[in-house]
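K.L.:
Sequence:
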Amino acid sequence: MDASFWNSRYTAPHYVYGEEPNGFLATMASRIPAGPVLCLAEGEGRNAVHLAQLGHQVTAVDQAASGLAKARQLAALRGVEIETVVADLSDFEIKPGAWAGIVSIFAHLPAAIRRRVDAQAVRGLRPGGVFILEAYTPAQLAFDTGGPKSPELLVDMASLREELAGLEFLILRETERNINEGDYHTGHSAVVQVLASRHE
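Residues in the sequence shown are numbered consecutively from 12, following my numbering.
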C-alpha cells in the first residue's frame, strides 16, 4: 500500500471514504484547543476540512498527491483553506511543541514506522494539545468491512498505551462499532480509539 496504490485509489471521481469526517473524530473535535492541527495520512481531506470548518489552521499530510488534490477541492467547496503536504510518514518530521491537535484516523503503518510517528506526535503537541486516533485492531481481520489485511498494519490498545507514553489518556479503548464511511469502511468493525492530552 505505497504511494502508487493510494494515488490510484484516489483517482476515483468520488470521495472513496466519503466527504464527512470520521465519526469518532467528529464527536471528539471539540476537545481540541484553539490552534493548528496536523492530520496524518489524511487522504482526501474529509477530516482536515471538518477541522478547518471549526476554525483550526489545518495541515494535511499524505503520500498521495491525488488524494490531497481532492482535499483542496473539498476545502474550496466548503469555503475553507487547508495546507497540504505530500510526504511519506516514514520520513516526515513532526515539529516539536507545534500542534494544538494531531489526528490519526485509519493511518495504518508498519509497526516500526508507527512507533516512530507516535513518539513524534507526543513531542509534537503543545501543552494542553490533544491527540485523536481511530484505527482497526487485529480483531478486524474477522470482518470484511475495511482496513488492511496484514496483521502488522493493525494496532491494539496495549501497543498504543506504550507508544503514546507521556500523554494523559482521556479515552483509550477497543470497541466494535458500525462504520459507514465511503466505499472501503462499511459495516461492523473492530477499532481502537484514543483521546489523549499533553499536560507538561
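Just so you know, these hints were derived from the structure itself, not from any lab. Do not rely on the hints blindly, as some may be mistaken.
Said to hold, decoys possible - Now the in silico label distances, taken between C-beta atoms and shown as ranges:
1) Arg-188 / Lys-160: 19 to 25 Å
2) Asp-99 / Ser-170: 17 to 23 Å
3) Val-97 / Phe-180: 16 to 22 Å
4) Ser-19 / Ser-101: 18 to 24 Å
5) Ser-41 / Thr-186: 19 to 25 Å
6) His-199 / Arg-172: 35 to 41 Å
7) Glu-94 / Ala-130: 22 to 28 Å
8) His-210 / Thr-186: 33 to 39 Å
9) Val-97 / Leu-181: 18 to 24 Å
10) Asn-18 / Gly-139: 35 to 41 Å
11) Gly-108 / Arg-188: 31 to 37 Å
12) Gly-34 / Met-12: 18 to 24 Å
13) Pro-107 / Arg-42: 17 to 23 Å
14) Asp-155 / Pro-107: 25 to 31 Å
Unchecked claim - Listed next, the in silico SDA-like pairs over lysine to any residue satisfying Cα-Cα at most 25 Å (straight line):
15) Lys-106 / Gly-139
16) Lys-160 / Gly-177
17) Lys-160 / Tyr-195
18) Lys-106 / Thr-197
19) Lys-160 / Gly-198
20) Lys-106 / Lys-160
21) Lys-106 / Ser-208
22) Lys-106 / Pro-121
23) Lys-106 / Ser-41
24) Lys-160 / Ala-109
25) Lys-106 / Ala-150
26) Lys-160 / Phe-35
27) Lys-106 / Leu-88
28) Lys-106 / Leu-152
29) Lys-160 / Met-12
30) Lys-160 / Ser-77
31) Lys-160 / Asp-13
32) Lys-106 / Gly-198
33) Lys-160 / Thr-22
34) Lys-160 / Ala-111
All C-beta atoms, glycine included, are put in the ideal place defined by N, C-alpha and C.
K.L.:
Starting from the hint list further up, note which numbers the structure goes against and sort them upward.
P.N.:
3, 6, 8, 9, 14, 16, 18, 20, 24, 25, 27, 28, 32, 34
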